[in-house]
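Peer 1: Since chain X is already given, all that's left is putting chain B with the ligands on it; use the hints.
Going down the list, the sequences are from chains X and B.
Sequential numbering from 107 applies to the first sequence in my numbering.
Sequential numbering from 2 applies to the second sequence in my numbering.
Heads up, a few of these hints could be off.
What the hints assert, rightly or not - Under the rule of at most 27 Å between Cα atoms (straight-line distance), these lysine-lysine pairs were calculated in the DSSO-like manner: (1) Lys277/X with Lys167/X; (2) Lys5/B with Lys108/X; (3) Lys145/B with Lys87/B; (4) Lys122/B with Lys87/B; (5) Lys5/B with Lys158/X; (6) Lys108/X with Lys158/X.
Calculated from the structure, these hints are not laboratory results.
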Amino acid sequence: MKSFDYAAPRSLAEALRLLSFHPRARLLAGGTDILVQMRAGRIDTDFLLDTKGIPELNELKSADGLTIGAAVPCFRIHEDSRVRSKYPALSDVAGLIGGTQIQSRATFGGNVCNAAPSADATPILIAQGATCRIIGTGGQRTVPIELFCTAPGKNVLKQGEILISFHIPAKSKTTGAQYLRFIPRNEMDIAVVGAGVEVALENGVVQSARIALSAVAPVPLFVPAAGDSMVGKAPSAEVIAEAAAIARDAATPISDMRGTVEYRRHLCAVLTRRALEAAIVRAGGKN
Amino acid sequence: MPGKVLVNTTINGEATDFRCEPRQSLLECLRDILQLTGTKEGCNDGNCGACTVLMDGRPLTACLVLGVEAEGRNITTIEGIARGSKLHPLQQAFLEEAALQCGICTPGFIVSAKALLDRDKNPSEADIRLWLANNLCRCTGYDKIVRAVQKAAAEMRA
Ligand SMILES: Cc1cc2nc3c(=O)[nH]c(=O)nc-3n(C[C@H](O)[C@H](O)[C@H](O)COP(=O)(O)OP(=O)(O)OC[C@H]3O[C@@H](n4cnc5c(N)ncnc54)[C@H](O)[C@@H]3O)c2cc1C
Ligand code: FES
Ligand code: FES
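For reference, chain X alone in the conformation it holds in the complex (with noise of 0.2 Å):
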């Protein structure tokens, strides 16, 4: 690895005057994908800014929805019982993410940040309507998840900016969401396909639901069609078909070692029926 100078400033206002001081710098979470990158010699910092060491981006709080830092390891998620409780999925795919060793380190801002299409953090934080908290010199912005990952490896933080925080809203006791990817292994691989999804119900109807796919297209994928196309209905299986449907067909994968094109729009379809039949299920509906 090339040399560079490190920090690990104690608060926000620290981490922007470093910043403004080094051009050239590059925030370290986990560093599970950062320190493996630099180390094949694709990135190029003369500075790593450690955010670990920032109390904002330490924070995992459930008041007012769930407030989660950018900086708060996999296992930390994991295991909180607040969200184990209340949001089931969040927990599930922080306890998937790498193995053990992994998810000491590994972080859902490093996930979103590093903007991989295979990410598993994003497409499940997109179907639960995650917000990003973002700070820079020119003071704080908000930005939908969605619009967060803008081609594989790039975002929409500016040099200088840091990602603070993901906010998901308060859910009623009626919303349930999965995530669900295959791998060929049982744990430890790269999603050929992700689906995550979240399904609000009401008396039974469909009230809101969301679709996001990973590894299916040059981002982390939302498709707004597919959830939209429930909205009003009971969840039957045709309905629940025809979401899968327009989820698959907004897909774009490409065919590489770890699939073909047809074989990544097939299990676009069956994994997004799968996680909503497992995400209405959480939302108490009988399904």
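Peer 2: Relative to chain X, chain B with the ligands alone:
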């Protein structure tokens, strides 16, 4: 050219300071600076788990941690698992169950498994397999490793 940084840590219960460059991984610092060569390097990219150590009780892959990130932390390596000359029940069980051949994966498996048994005295076979999914062995086959962990768990409960 960035200079060396002084890092203050506790390693295997002893206050330990070392100087390293920010680009050096904790794995390099342990092996090359502190001569704690029990922690192994397999892949150097987080997949194999051979470099597993505990940081504040949590297992992580030392190849994906910078030495400077160990500042103020409590690190346990394979060298800190035995109590003096008495092997830890996991080490004893790995020997008795022949849960190793070449042995390069063994320190990582034992350190990971210790973290599991520290939090769960009676893990199921499925719990053990899931917890150890970040550790790879290319020789033994996992059944013997899982049996050794089960045996150590039983030993520690007794
Ligand atoms: C063995 C292994 C298995 C893996 N398995 C999976 C898997 O199953 N699923 C999956 O999706 N991924 C997987 N990954 C990839 C990786 O672990 C995840 O993407 C992880 O969530 C990245 O988080 P991190 O905290 O380690 O990010 P880092 O590597 O620290 O950072 C990633 C990127 O985000 C930027 N960044 C970090 N924090 C901020 C911030 N606050 N503001 C702005 N930018 C920021 C960094 O500069 C960098 O570009 C795996 C990786 C390994 C090594
Ligand atoms: S050497 Fe660190 S995980 Fe393989
Ligand atoms: S014993 Fe050789 S890799 Fe496990």
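Peer 1: Are any of the numbered hints broken by this structure? If so, which, sorted upward?
Peer 2: The structure breaks none of the hints.
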